[in-house]
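A.B. asks: These are the residues of each chain, in order.
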Amino acid sequence: MRLYFEKRKTASKKTLVIVPAVSLVISLILTGFLLLAFGVSPLQTFAAMFRGAFGSSRNFAETLVKAVPLMLTGLGVSIAFRLRFWNIGAEGQLVLGGVAATWTALFASPYIPSFLLLPAVLLSGALAGAAWAGVPALLKTRLQVDETLTTLMLNYVAILIAEGLFYGAWRDPGGMGFPGTARFPQAAWLPRLYGRVHYGLIFALILAVVLWFFIYRTKWGFELHMIGKNRTAAHYLGVNIKRTILISILISGAFSGLAGATEVAGLARRLQEGLIQGYGYTAIIVAWMAQLNPFASLLAAVLMAALLVGGDQVQMMMRLPAAVGLVMQGMILFPLLAGSLFSEYRLRVSQPHKEETS
Amino acid sequence: MILLVQSVIAITIRAGTSLVYATIGEIYTERSGILNLGLEGMMLMGAVTAFAVAFHTGSLVLSLLIAMGMGMVLSAVHAFLCITMRANQVVSGLSITLFGTGMASFLGQRLGPAENNFYLVGLTAARFRRIAVPFLSDIPILGALFYQDILTYGMYILIPLAWFYMFKTKHGLNLRSVGESPQTADAMGISVTKIRYLYTILGGMFVSLGGAHLSLSYTPGWTENITGGRGWIVIALVIFSMWNPARAIYGALLFGGINAIQFRLQIAGAAIPAPVLNMFPYLATIAVLVLVTWWESKGKKRLGAPAALAVSYMREDK
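Here the protein sequences line up with chains A and B, keeping their order. Mapping of the first sequence onto numbering that gives the first Met the number 0: position 279 corresponds to residue 278, and the numbering continues sequentially without gaps. Mapping of the second sequence onto numbering that gives the first Met the number 0: position 117 corresponds to residue 116, and the numbering continues sequentially without gaps.
Hints in this document: simulated from the structure, not taken from any laboratory. Watch out, some of these pointers could steer you wrong.
For lysine-lysine, the following DSSO-like pairs were computed, each having C-alpha atoms within a straight-line distance of at most 30 Å [said to hold, decoys possible]:
| # | chain 1 | residue 1 | chain 2 | residue 2 |
| --- | --- | --- | --- | --- |
| 1 | B | 297 | A | 6 |
| 2 | A | 241 | B | 297 |
| 3 | A | 218 | A | 6 |
| 4 | A | 6 | A | 228 |
| 5 | A | 241 | A | 228 |
| 6 | B | 167 | B | 193 |
| 7 | B | 297 | A | 228 |
| 8 | A | 218 | A | 228 |
| 9 | A | 241 | A | 13 |
Quantities reported herein were computed from a predicted structural model and do not represent experimental measurements.
Taking the hints into account, I'd like the entire structure generated from these sequences.
C.D. replies: Put into structure tokens, the structure is as follows:
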């Protein structure tokens, strides 16, 4: 008897739901064993995490605060992934978006009428994110330079630029030794909905709908699909591949840049270390978990954020390391990745006497 | 002046050791066609377990073995996901990093002694000390190379050995052929799956060993995020060395040297802002990548990037 994989004729729809659900269960079981090994009750921990993330309106608000940048970057990354363009530079695009938004809010504000300042702040963030993604996109389309590595390298450059500014040239001398820029003028503040949840949430929801429409209902969406699935066929259908890739990656970067702008304008209202949280990397996981579907990305972002906030709560309430949340994120991903195979292949068992040649 | 140069060289080599081990490990992995972005997580796991074992047992040999074992386990997970389950290598590597980072932080707060609240932070344990090689360490300037710890001396031997194995032995040829064209290798009777598993796991072992050097020698002890992004820097160094173990040293020296120079500049109060200096290696890596790609597109000799890097292989797909 021998096990082997057989390619499915059409991708299985059922596995899209079953695999993430099973992965979550497996992750709970594995993390449970880990906690048991250290003499901690898994049920108590999971209950505390759940309460921490969803237990009260204040806790849920904190989960949403962390979910907003994950939603925006996750949506952005999913556009690039549709094209099989491995943009792992969402972190850098987010950070640079925050930097550009800060520049507009602090240094361009005297020249902008105050009712236009906030739109200008957000727009400059999106543009900076797009530009930062545009570099690897141009290198890819013009010179075929591998985008995985260039987008990754540019993350460090962006982070170093940001750190150089808020530790150096832009540092607020009145900051009492706390590294960060001065506070934005009030006209550049992104209003809040509830608690610390800002309007970035509304942008994320609207953009998810817009993106869904464009991806599933327009020619551009179809072209993305074609390029991702079969580049040669797309070429013969008359798709301008290079231009489509370039434009899509610019949009992908703009989403992350906007995420950075809403973070600085909605939370700290200044540029500081708190912007650099690794959201751009988690975004990749969000997009992957959601199988690149915009609405599923929103849910996946909330789940990932809940694990982070739940982890923080466990640390406070049970004096367990907050890293439990990160461990669980990883533990969800392993079965999820293993399971993605089942949407395209099915496991078959062959009897040796029937198929000796295989 | 000589003393200054000597101290810069000494710090550079010390800072570069963990990078060289990890770079050589990742070069072997990538040469087989598997991209592992889980380095940061694997280095952290190596660092935390090595330190915990050194603290509790005092045995440095056991520490290294456990650290290497951690790297092998984590890279085996990556290998299973990417090779057997044909998962996306970028995402799988990122999840290894995510898991490893979280797990290392978790262990750092659970593996310590009860009197320290189970924390490993702030403890001291057995460590690798520097040993002077008689006579050689007295040479001006170059003497800096011969007043180092055992792992650094091991690195001097590993670099030529790793190069020789990859380019001058049949095993190395098999490895490279699997990374270049798995179809051809398969047709020649080489087991693509076996080779990829083998070198992904072997590579992971060296990566975690690099992590162990951090907690047992370079910055002895455990602190959260002790790697400070070195796992990502190594991804850049692999490109910088164009997938050749012999060149792994250059990139490591570049990064290590920048650390050392910065340290000196800070003391001297110089005006070059640190971020600009720190950015240089990343920009240099992008420049190298662009040049290599451009060079190869001209139909010139291939320079290094394995053609089948990050492409999963399945015989039935053809």
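A.B. asks: So if I understand the rule, the pair passes when the alpha-carbon distance is 30 Å or less; does residue 241(A) with residue 228(A) pass?
C.D. replies: holds, 15 Å
A.B. asks: Is residue 241(A) within 30 Å of residue 13(A), Cα to Cα?
C.D. replies: Measuring from Cα to Cα gives roughly 34 Å; hence the hint is violated.
A.B. asks: Would you check the hint for residue 218(A) and residue 6(A), treating anything up to 30 Å between C-alpha atoms as holding?
C.D. replies: This hinted pair holds, its Cα atoms lying about 29 Å apart.
A.B. asks: Within a Cα-Cα threshold of 30 Å, do residue 6(A) and residue 228(A) meet the stated pairing?
C.D. replies: This hinted pair holds, its Cα atoms lying about 16 Å apart.
A.B. asks: Does the alpha-carbon distance linking residue 297(B) and residue 6(A) stay inside the 30 Å limit?
C.D. replies: violated, 37 Å
A.B. asks: Take a quick look at whether residue 218(A) and residue 228(A) sit within 30 Å of each other, Cα to Cα.
C.D. replies: holds, 15 Å
A.B. asks: Hinted pair, alpha-carbon criterion (30 Å max): residue 297(B), residue 228(A). Please report holds or violated.
C.D. replies: With Cα atoms ~28 Å apart, residue 297(B) and residue 228(A) stay inside 30 Å; holds.
A.B. asks: Keeping to a limit of 30 Å between CA atoms, is the pair of residue 241(A) and residue 297(B) held or broken?
C.D. replies: holds, 20 Å
A.B. asks: Does residue 193(B) sit within 30 Å of residue 167(B), going by the straight-line distance between their CA atoms?
C.D. replies: The given pair, whose Cα atoms are some 21 Å apart, holds under the 30 Å limit.
Checked against the numbered hints given earlier, the structure breaks hints 1, 9 and satisfies all the rest.
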